[in-house]
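*Asks:* Sequence:
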Amino acid sequence: MDCALSSDHPIYKALISNPVIMLGLGNPRLLLAMLCILDSTHNSNLWMQDSEIAPVISTIIRIYQSEKHILSVNRHYEQHVVNSTNTNATNIS
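Residue numbering for the sequence shown follows our numbering, starting at 1 and increasing by one per position.
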């Protein structure tokens, strides 16, 4: 994701509503880990060995991927419904 999430975005809401993530956000080492991972994704292996940080990062990744998939499925469904509606309207005319 190349842009910031607004506070009403479903991914943001899912991340913020998770207690593991909320507890982890109070840990300054999580901020350090996130900055290191953003600097180089190769650093993720190092932080995934950390018993304090790994569960939070894993939860963030799991929720992000899950919500991203849900948004994709919903978008596909909405496009299908719009296309079906347009096709039906054309056939009726």
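If you're looking for bench data, these hints aren't it; they were derived computationally from the structure.
Some hints here could point you the wrong way.
As the list claims (entries may be wrong) - Label pairs and their in silico Cβ distance ranges: (1) GLN49 <-> TYR77: 34 to 42 Å; (2) ASP50 <-> MET22: 13 to 21 Å; (3) LEU25 <-> LYS68: 14 to 22 Å; (4) GLN49 <-> HIS76: 22 to 30 Å; (5) TYR64 <-> ASN27: 14 to 22 Å.
Bear in mind the structure is a predicted one, so any value in this text is a computation, not a measurement.
Even for Gly, the Cβ is constructed at its ideal location relative to N, Cα and C.
*Asks:* For each hint, tell me whether it holds in the structure or not.
*Replies:* Structure-based check of all given hints:
1. GLN49 <-> TYR77: 34 to 42 Å: Given about 40 Å between the Cβ atoms, the range holds.
2. ASP50 <-> MET22: 13 to 21 Å: With Cβ atoms ~19 Å apart, the hint holds.
3. LEU25 <-> LYS68: 14 to 22 Å: 21 Å, holds
4. GLN49 <-> HIS76: 22 to 30 Å: This hint is violated: roughly 37 Å between Cβ atoms.
5. TYR64 <-> ASN27: 14 to 22 Å: For ASN27 against TYR64, whose Cβ atoms are near 19 Å apart, the range 14 to 22 Å holds.
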